[in-house]
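J.: For the sequence shown, this note's numbering gives the first residue as 684, with consecutive numbering after it.
Calculated directly from the structure, the hints in this document are not laboratory data. From the three backbone atoms N, C-alpha and C, an ideal C-beta is built for every residue, glycine too. Be careful, since some hints might not be right.
Dumping the calculated SDA-like pairs for lysine to any residue here, alpha-carbon to alpha-carbon at most 25 Å [said to hold, decoys possible]: (1) K729 x G845; (2) K887 x R924; (3) K1176 x A1162; (4) K1287 x R1359; (5) K779 x G845.
Restraint-style ranges between C-beta atoms, simulated for each label pair [what the hints assert, rightly or not]: (6) A1100 x E725: 41 to 51 Å; (7) D1121 x P1038: 26 to 36 Å; (8) D876 x Q806: 36 to 46 Å; (9) G1150 x E883: 20 to 30 Å; (10) A1137 x K741: 29 to 39 Å; (11) P1038 x G1303: 45 to 55 Å; (12) K741 x E1214: 53 to 63 Å; (13) G990 x A1137: 50 to 60 Å; (14) K1384 x V1204: 20 to 30 Å; (15) D1121 x V1251: 58 to 68 Å; (16) D786 x G1136: 51 to 61 Å; (17) E734 x T795: 16 to 26 Å; (18) T795 x E883: 25 to 35 Å.
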Amino acid sequence: MTRSLTLLGVLVTIMSASAADAVWDAWPPRDYLLKSLVDSVEGILKTQDPETGRFGTKPWICQDQNVIFPLAVAWAYEDESNPWYHDARVLDAIGKGGEALVDDQDEKGMWTFRKKDHSTWGQIHMPWTYSRWIRAYHLVRDALPEATREKWDKGLLLGFTGIRRYADGGVHNIPTHHAMALYIAGVCFENEDWKTAATEFMAKAVAKQDPAGYWSEHFGPVVGYNAVYVEALGVYYHFSRDPVVLEALTRSARFHANVLWADGSAVSAIDERQIYHRGVSVGNVGFSWTPEGRGYLLKQVGSHSEGGERAVSSDYAASMLMYSGDGESVAPPADREQGRFVLGDEDALIERRRPWQWCFSAYACDPPQNRWIQDRHNLVDVFHDELGLVVGGGNTKLQPYWSTFTVGDPSLLTHTAGDESPNFVPDVDLLWTPDEGDLDLSGAAPRMTLKYGAHECWVSAAPREDGSLALTYHAPSDAGVQAHVPLLHRGAKVRLATGRKVLLGEDDISLSREEIGEFIVYRGLKVSVPEGASLRWPAWQHNPYAKDGHSSLSSAKLVLTLPFENGVDEHTVVLSHDAPPPFDGPVFEARDIPFRSDTGTRLKRLDGLGSQFLGSTEPGHSITFTLPAVEPGRYELLGEFVIADVYGIVQVKLDGTPVGEQYDAYGPGVDDEGERVSFGEVELSEGEHEVTVELVGKNEKARRYFISVKRWLLKPLD
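Please put together the full structure from these sequences, using the hints given.
T.: Following this line, the structure appears as structure tokens:
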């Protein structure tokens, strides 16, 4: 079944979810959700300290107690497949868990906002904890021992008396979540003022939603945090059946469905809060109340579950089992061969021309001092079906090399390591965010024009017949303008056209066009390098969630810098998939053939890296693989190894005899693409053969003696 609707001025064709490639035909998949919940309970119970009632690991934080909600659902959900229904041990754990929260409250019902890195952020009525505590209370209150219930009542009444104040304030993601919990507390304690205040706040939240389906916290969309509003409205709707929120949930579901890449990750160029995450967001109960939202859930949870084999979190399963809506579904557009989504009043574009998809974000505003609201400067995302997101990846602060264009000297804007209170808008001779943004959708190649002061710049994207994508950047020459193509972290090495391999660690790297050659290859992504361009690494993210702003190498960008000088006013960068040719010979996945350690060393299958791991602690440890029988003859033996800063130097042996040179698997960061290494010519007779990998040492920079083998390859030489 297909039908059409007009969404923000754009005609979008939609189909029923049953036509999509999904694991389930209808939402919710209760058997899958219940199994996810049931299988998690024993593990949760084992994390509780029976003396204090606290769950989790040290340092204890109040959010460790959030698990009392899924435990309460496991206790309350009657089903023949649920062995925890009305289980006394579970109820006891829930009761002690709530008492632990009361024990840690201050006189206002607040807890210290502590993170697992031991940083503290002051006192807070933690919204995520209060909402789960009150939902657990709603399910188990009548079964709690009298003394426990009295203690819970005291703590909850204290906390929600404080939370009531937030309902009189402005709309933001935290008070919206508080309002949802406040309504449930009003139901539980028969407090009409709390219910009324929550209902009035939710009406304000709905009114503040942008017509495009998102809530803004400064200017433009917040993608990840938008889900906080959706969840709050969705749980609130279950308890209230307030029709005011349904249209808002519909608009938001359409927004989220349209900003998906084909792999289920979300567009980040439009996001004012968070950088790109490769993971698949599985949504929340707020999506379950509309056809568009249920289609989103079917796609996302289907992708996450890997055919129904991978569980969702206990919290997610619990919420869906208790509060989910059901009904017809509308599939998201992310898997279509071609399409165009225009957000708002031509504020952003998502163009789909498989295998390429890209986003231009024309949201332009001044950079704010607020650490949580990111600069609007990295305004181009590019996605490839096989390679994933390759260019862009969201916004940050104090990092002009992520900016699509800059005017002035980018070195004037930087973060001083360790500075917890930087000036995010220093008075320097540099423009790194545009003053205006505009989309031109009239031509064959969509164009985004950005104005930086008096300087007008533009960027366009156009697929080519050979399967590549051309990004063209235009700016006035000799005005101090640079364009930047920030490439997402794809591994610990990049190969230059000259044949040189460059390892990407924490050391600064700057390479000229003469040193690079005409292109680079970065884990399957080939990027042309125009004359005059340069390459730099690492362009660090300023991480707002760390007080000192520090971030990991995985968030850093490899940046191609394009200067407009010496009369040059245009650069074109061509992106293509550098797919390796098919291998002519037998290939054996290291995880899937027989292996053993004759030295008794720890072995582990690493599906995430596609490898078989040897946890060696000293030289001499080994792992031996048994290669299946192949046609007798001469072969070149090749191995593929994961690169990382914990991997050592190995000697490979064939049937006990050393072959090839020793190989050093050290790299400054994890590179699971693997490096293919030749161990020379070998003569194979009939039958099976054994290949042994023996640790013989480690690079002086390596932290361990581990090794991780991806596969063995045999190239026929006869």
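J.: Confirm or reject each hint.
T.: Cross-check of the supplied hints:
The straight-line distance between the Cα atoms of K729 and G845 is roughly 33 Å, outside the 25 Å bound, and the hint therefore fails. About 17 Å separates the Cα atoms of K887 and R924, which keeps this hinted pair within 25 Å; it holds. With a CA separation close to 34 Å, the supplied pair K1176 and A1162 exceeds the 25 Å bound. For the hint pairing K1287 with R1359, the CA-to-CA distance comes to about 21 Å; that is within 25 Å, so the pair holds.
Proposed proximity of K779 and G845 is supported: the alpha carbons are some 23 Å apart, at most 25 Å. Remark: the range hint 41 to 51 Å for A1100 to E725 is upheld by a beta-carbon distance near 43 Å. Here the CB-CB span from D1121 to P1038 is close to 28 Å, well matched to the stated 26 to 36 Å. Separation of D876 from Q806 is about 24 Å and departs from the stated range, judged on CB atoms against 36 to 46 Å.
Separation of G1150 from E883 is about 55 Å and departs from the stated range, judged on CB atoms against 20 to 30 Å. Checked against the hint of 29 to 39 Å, the C-beta distance between A1137 and K741 comes to roughly 56 Å, which is inconsistent with it. Between P1038 and G1303 the C-beta distance comes to about 47 Å, which sits within the given range of 45 to 55 Å. At roughly 56 Å, the beta carbons of K741 and E1214 sit within the given window of 53 to 63 Å.
Distance hint for G990 and A1137: a CB-CB separation of about 56 Å, consistent with the stated range 50 to 60 Å. Under the hint 20 to 30 Å, the C-beta atoms of K1384 and V1204, about 24 Å apart, fit the expected range. At roughly 24 Å, the beta-carbon separation of D1121 and V1251 lies outside the given 58 to 68 Å, and the hint is violated. At roughly 57 Å, the beta carbons of D786 and G1136 sit within the given window of 51 to 61 Å.
For the pair E734 and T795, the supplied restraint of 16 to 26 Å holds, since their beta-carbon distance comes to about 21 Å. About 31 Å separates the C-beta atoms of T795 and E883, a value consistent with the hinted range of 25 to 35 Å.
The earlier numbered hints that this structure contradicts are 1, 3, 8, 9, 10 and 15.
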